[in-house]
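For the record, the sequence lines run as chains R and V. Throughout the first sequence, residue numbering follows this note's numbering, covering 932 to 1112 in sequence. Throughout the second sequence, residue numbering follows this note's numbering, covering 11 to 221 in sequence.
Because the hints were derived from the structure by calculation, they are not lab data. Heads up, a few of these hints could be off.
Dumping the calculated DSS-like pairs for lysine-lysine here, alpha-carbon to alpha-carbon at most 27 angstroms [unchecked claim]:
#, chain 1, residue 1, chain 2, residue 2
1, R, Lys934, V, Lys68
2, R, Lys934, V, Lys129
3, V, Lys68, R, Lys937
4, R, Lys972, R, Lys1005
Note that the structure is a prediction, hence the values are computed from the model and not measured.
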Amino acid sequence: MKKYLKTALILCAICGAAALLLAVVNSLTAPKIAAYEEEQKQAVLGAVSNGEAIGDFHSVSGVSNITGYYGLGKSSFILMLSTTGYGGEITLAAAYDTNGKLTAAKVLSDSETPGLGKKSEESWYMDKFLGKSSNMPTKKTELSTEDAQAISGASVTFTGISKALLAGSSYVTSVLKGGKN
Amino acid sequence: MNTKELTKGFFKENPTFIIMLGMCPTLGVTTQVVNALGMGAGVLFVLFFSNVLIAALKNVIPNSVRIPCYIVIIASFVTIVEMVLHAFVPSIYDALGVYLPLIVVNCIILGRAEAFANKNTVGDSALDAIGMGLGFTMSLSLIALIREVFGKGTITLFAIGNWNGVITIPGLYEWPVRVVSLAAGALLLMGYLKAFFQWFSENRKAKGAAK
Chain R
932 MKKYLKTALI LCAICGAAAL LLAVVNSLTA PKIAAYEEEQ KQAVLGAVSN
982 GEAIGDFHSV SGVSNITGYY GLGKSSFILM LSTTGYGGEI TLAAAYDTNG
1032 KLTAAKVLSD SETPGLGKKS EESWYMDKFL GKSSNMPTKK TELSTEDAQA
1082 ISGASVTFTG ISKALLAGSS YVTSVLKGGK N
Chain V
11 MNTKELTKGF FKENPTFIIM LGMCPTLGVT TQVVNALGMG AGVLFVLFFS
61 NVLIAALKNV IPNSVRIPCY IVIIASFVTI VEMVLHAFVP SIYDALGVYL
111 PLIVVNCIIL GRAEAFANKN TVGDSALDAI GMGLGFTMSL SLIALIREVF
161 GKGTITLFAI GNWNGVITIP GLYEWPVRVV SLAAGALLLM GYLKAFFQWF
211 SENRKAKGAA K
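From just these sequences and the hints, can you work out the full model?
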């Protein structure tokens, strides 16, 4: 009995010390991480806004793929999208005009595989979706040979992103249309 | 302190080619040289601190719960590396991505804790960790270099300033042997390299015996 109690206490002490150490490191790094993430978000918003003024954030709940939106300029929107890739959640910022046409998009965060799904972070990745609305390509067969080759090996990422962008487009045309913001 | 503990990881007991540990990250991350270097550095750091701590605590940790204790120690160091990199060097954190948390389940780290650190002194364990970590980094870089050069015709290193870190090899870039960069190529290459290292070490043993 005494032996088991001792073993349990030692294991507990090691876990406690590890938790304490992690808590200390976390308290030191968390503000910096939050600041870095905010900076990243602002950079992405700036990149997709194309120089237009970004309005207030409106959160959206109960709609799949859409977590919220910002008004952009007079009648455009930046939608914050969330989807599932190969390595977990992917979040994107995507700008649409009133007709639901995609004008810019950028990945905000992801856990995709480097060399495969991670390619979605590169600037050329979104080119195949730009200018599209309800005709957004969601299958590899709908792409040109060159584009299909570029996403080869990362179809799950492509499907996730394209479906989210399509959902964003239909949200703009069905709910936000008319530039209410 | 014994310098043999440091050098054995480079060749004689190379974790990748001789002991065959940590195969998953070896096959998974070696598509680009930069990934191999990043993974190697992460493993080296965690291996060093976990080996030192486990060697220091070897008389305190009860035998029956040693594995959970090692896992807690290793996972804590990996999490610390993750948080510190995310906060202070976000570019490296972004580059390493998903491979960083995967260090927790790298067999080399648990393997060295179990096979070496819990039986040896702190100094020897530190040397063992440095040697094994460097050996792992070198092996990973070698595989990645061959795979990237032949499979893609490029060598990707860390981007510095205006330079994007990619060296393009004319000829191979236009006509790469694509299978080398795919999973099948990784396994094939691993087999050839293992055979080469096996041949080399047998040869050395035979020469040593002849003397």
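Hint numbers contradicted by this structure: none
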